[in-house]
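A.B. asks: Counting from 1, one number per residue, gives the positions in the sequence shown under this note's numbering.
Each hint should be verified, as a subset may be incorrect.
[Said to hold, decoys possible] Below are the BS3-like pairs computed for lysine-lysine, each with C-alpha atoms no more than 30 Å apart in a straight line: (1) 269 <-> 136; (2) 203 <-> 269; (3) 136 <-> 203.
[Unchecked claim] Label pairs and their in silico Cβ distance ranges: (4) 295 <-> 238: 23 to 33 Å; (5) 87 <-> 30: 41 to 51 Å; (6) 23 <-> 306: 34 to 44 Å; (7) 294 <-> 111: 50 to 60 Å; (8) 293 <-> 107: 49 to 59 Å; (9) 16 <-> 239: 37 to 47 Å; (10) 244 <-> 282: 13 to 23 Å; (11) 205 <-> 23: 48 to 58 Å; (12) 126 <-> 295: 15 to 25 Å; (13) 13 <-> 211: 28 to 38 Å.
None of these hints come from the bench; they were simulated from the model. Ideal placement from N, C-alpha and C gives every residue a C-beta, glycine not left out.
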Amino acid sequence: MEAPKHLWHNGRITSWQDATVHVGAHALHYGSSVFEGIRVYSTPDGPRYFRLEEHTERLFHSARVYDLVMPYDARAINQACRDVITANGLQSAYVRPIVFRSGFTFSLAPSLDTRVDVSIIALPWGAYHGADAIEKGVDVCVSSWNRAAPNTYPSGAKAGGNYLNSQLIAREAINGGFAEGIALGTDGLLSEGAGENLFIVRKGVIYTPPAASSILCGITRDSVLTLARARGFQVIEQPLPREMLYFADEVFMTGTAAEVTAVRSVDRKPVGSGRPGPITRQLQDDFFGLFDGRTEDQWGWLSPIEETADGRVAA
1 MEAPKHLWHN GRITSWQDAT VHVGAHALHY GSSVFEGIRV YSTPDGPRYF RLEEHTERLF
61 HSARVYDLVM PYDARAINQA CRDVITANGL QSAYVRPIVF RSGFTFSLAP SLDTRVDVSI
121 IALPWGAYHG ADAIEKGVDV CVSSWNRAAP NTYPSGAKAG GNYLNSQLIA REAINGGFAE
181 GIALGTDGLL SEGAGENLFI VRKGVIYTPP AASSILCGIT RDSVLTLARA RGFQVIEQPL
241 PREMLYFADE VFMTGTAAEV TAVRSVDRKP VGSGRPGPIT RQLQDDFFGL FDGRTEDQWG
301 WLSPIEETAD GRVAA
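Please take these sequences and the hints and turn them into a complete structure.
C.D. replies: And the structure:
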């Protein structure tokens, strides 16, 4: 992955080389960081952020859980996200705002005046699981690593430390020849992928694990739920046993990086015909259609990069 030339760091656009953090930073030692992943898509009307405001809102919610005192308000973060796209001349991008304790302390209960930094990185990034993943689907496995119990760490907060668990799941899967791993909760029921939410289609009904299944309630997940209901599909959020993966007619995963990716096999067992199914295909078409004009953005999910002098986002 090639680093961008510029990023936003503590209130200004700077070069990649100049945005540094000390080795004593609390976040480095204890994982006290929260972050977001946001997509910018190239559309017929120019580059557009996908649900920027909702991502920023979740960033602030995650920071609140860990008492990270945000040095900027939501409007400033949204503008910074726009500025970093302009600074790098990007038409499409993956954007990573991160908020972290950069001050030095070994305390596990750092004081609220411990320094907090904010950085935003934007870079070109295509399909997370490779160019063929959207078209052909991916092979996944059920991981031996579980998601944590609900009252250990809050899975609803997008915190850096949570992703140590995701690294274990993903590396186990890759080492086993799979594209991704699916985690169970401590109750033995389905939770989510290392970095994606999970959907199962059976007899025309779409199922997905609920918030209580130790998942991050993804913004792409919410988008797909909305698109599915708009299409008239029945969608059920409920706890699901592992075997539903093997009974499924279709399985797919969603996430900002993964977008909408079909699963063609689980534990080397083909899902349905072993190819992306019709409901998955329809939802992929509706999702990607938002960015080429085939799907009307009736929810106001797309926002332009430029902002006018009076603070309104340009049309």
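A.B. asks: Can you give the numbers of the hints that this structure goes against, from lowest to highest?
C.D. replies: 5
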